[in-house]
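K.L.:
Here the protein sequences line up with chains X and L, keeping their order. For the first sequence, the numbering used here assigns the number 856 to the initial residue and increments by one for each residue that follows. For the second sequence, the numbering used here assigns the number 949 to the initial residue and increments by one for each residue that follows.
In case anyone wonders, no lab produced these hints; they're calculated from the structure. Backbone N, C-alpha and C define an ideal beta-carbon position, used for all residues, glycine too. Certain hints may be false.
What the hints assert, rightly or not - No farther apart than 20 angstroms at their CA atoms in a straight line, the calculated lysine to aspartate or glutamate pairs in the DMTMM-like style are these:
id	chain 1	residue 1	chain 2	residue 2
1	L	Lys1310	X	Asp928
2	X	Lys971	X	Glu916
3	L	Lys1310	X	Glu940
4	L	Lys1185	L	Glu1167
5	L	Lys1020	L	Glu1206
6	L	Lys1021	L	Glu1333
7	L	Lys1185	L	Glu1206
8	L	Lys1310	X	Asp924
9	X	Lys962	X	Asp928
To be verified - Here are the in silico distance ranges between beta carbons for each label pair:
id	chain 1	residue 1	chain 2	residue 2	range
10	L	Trp1023	X	Glu997	21 to 31 angstroms
11	L	Asn1340	X	Pro927	54 to 64 angstroms
12	L	Ala1309	X	Thr961	20 to 30 angstroms
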Amino acid sequence: MPLRRLLLMMTTCWMFLQPAAEAQAELVVVVNVHCGVAAMTRNEVVNVFFGRNRQFFNGQEAQPVDLPDTHPDRVRFYRELIGKEISEVNAYWSRQVFSGRMQPPTKVNTSEEVLKWVVAHPGGIGFVDLARADARVRIVYELAP
Amino acid sequence: MNLAKVLRGKTWAVLLNKAILAGIVAQLIALPARAENESAFTLQGFGTLGLARTTSNDESFVRDLSQPRGIKKNWSGLVDSVLGLQGAWRINPQLEAVVQANSRYRYDATFYPEIAWAYLKYDLAPNFSLRAGRLGTDFFMMADSRWVGYSFLTVRPPGDFFWYLPFYSIHGADALVTVPFGEDILRAKVFYGHADGRIPLADEQWDISESPMLGGFLEYQMSSWLIRASYANILFKNDLPISAVIRDAFGLPLSSAELAFLSTRNTRTRYYSVGTVYDHGPWQAQLMLNHIEQGSNALESSDGGYLLAGYRVNEFTPYLGYSWVRSRQGVKPLDAMAAYIMADSHSDQHTVFLGTRWDVAKNVALKAQWDQIRGQASSIFPFREDNRLNWNGRMDVFSLTMDFVF
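Isolated chain X (complex conformation):
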């Protein structure tokens, strides 16, 4: 029964691949614990990271921090948040920058630096792996992988 064997093989492969997928824990958006924000919606997160809105709902200035293109979390973040590839995000920012509207968020190199930025800035907001989000920051949004 070649078909059944094929199905069995595929199922086995799929099962082997599962743990690998699960190891990639979900990304979360974190803010400075003193910024007064408890939870955000997807659109609010999009607005902040694309510079459309530079404030939280309470008027506190939002200070987003991003990662370099080469960081796998950056690729995942924009894919899961709005289904956009890095090239599209960069195209968007090149329009904002060269038309003189605004500069993109500051970029730091590692997730640990993201956490440090968020702690150091009263309106700090960034994204990290769930496992890295500790008591220094507050989780306001979880991205479904």
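We have chain X; now place chain L onto it with these hints.
P.N.:
Okay, now just chain L, sitting in the frame of chain X:
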């Protein structure tokens, strides 16, 4: 102090070019030391290497009316190639100084570099900013990033919509305010200033500097949807160089009655546009409509628009678009000569364009596009070097570009 006067003039531009060059050198020397820091100075750039050809020698194809000559049946890099450099100094968290210089084929048929913008931006509040200096005008969506090919999907902004807009900068000020409504965002902008620049007409140039320009837009962002309406007007301070053009072409002077009839001095042209953009996941779609109400008898008022949709598949984003422009004569021509000149600003055509963007590497996109322009033989305004007798209103344009940012 008259800021406009300070900002004008080649001497100033040359000095600024030198200053930018010095800045680049300084930045390169200083780079290793400050790469880790939140840099107060950033230098960024964009460019396009473009090749295009058409299927007609009876008209030459230009990107917009700021170009005096265009391309014909031979492959040429003239109309789409550009290199731009932008330096931004963050003086303090609220204040930023930005200078952009670019080199592209321009009104005097050279690639002489010019200062596109040079301004100070001050953030009064996170959602309220003011700018003053030499500014780009975005009275139509994306008008102020028309040359940044990497930032959009197509090879060039749809021609039937943008051909008429040779204006790029003003010396003045603008204010941008953002008001959040829950998850939605309202943006409003107003600008005022004096236009700057020259528009080519045959071998002559129309000086539009000193012409006051006022405008603004409203944008409403709802999740993946953006709705936009804009208005702008310009009060031309100089006449078109029609007299010289006609003298060169026919060896005839225009009568004073004809000159008065075709005058653009102290006439006001109004630009209206509405549109919507949908941008979600792999989908991008835009619908834009404009209406241009010309104040002078020499130029016909027009309606234009475009529809564009693209869908990304991995690194490729194929797209399909349709654009159109139609103008009409507002008054009866004074005489045959006036009619001839007025006919020069007539357009009645539509374009189907299809192509693909390929994000081939980080910050580099390759594009290939095929435009099929179909119109009346009388549709000559969007083109240059007219051969009115042979032109049949049909032209295909094939374009290949490599866009990059750095």
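K.L.:
Give a verdict on every hint.
P.N.:
Hint by hint, here is what the structure shows:
1. L/Lys1310 x X/Asp928: Given that 20 angstroms is the threshold and the Cα spacing comes to 16 angstroms, the pair holds.
2. X/Lys971 x X/Glu916: The given pair, whose Cα atoms are some 18 angstroms apart, holds under the 20 angstroms limit.
3. L/Lys1310 x X/Glu940: 11 angstroms, holds
4. L/Lys1185 x L/Glu1167: Given that 20 angstroms is the threshold and the Cα spacing comes to 31 angstroms, the pair is violated.
5. L/Lys1020 x L/Glu1206: Answer violated: L/Lys1020 to L/Glu1206 is near 33 angstroms, above 20 angstroms.
6. L/Lys1021 x L/Glu1333: Holds. L/Lys1021 to L/Glu1333 sits at ~13 angstroms (cutoff 20 angstroms).
7. L/Lys1185 x L/Glu1206: 18 angstroms, holds
8. L/Lys1310 x X/Asp924: 9 angstroms, holds
9. X/Lys962 x X/Asp928: 13 angstroms, holds
10. L/Trp1023 x X/Glu997: 21 to 31 angstroms: Once the Cβ atoms are compared, 52 angstroms apart, the range 21 to 31 angstroms for X/Glu997 and L/Trp1023 is violated.
11. L/Asn1340 x X/Pro927: 54 to 64 angstroms: Holds, at about 55 angstroms.
12. L/Ala1309 x X/Thr961: 20 to 30 angstroms: 24 angstroms, holds
In terms of the numbered hints stated before, the structure departs from hints 4, 5, 10, listed from lowest to highest.
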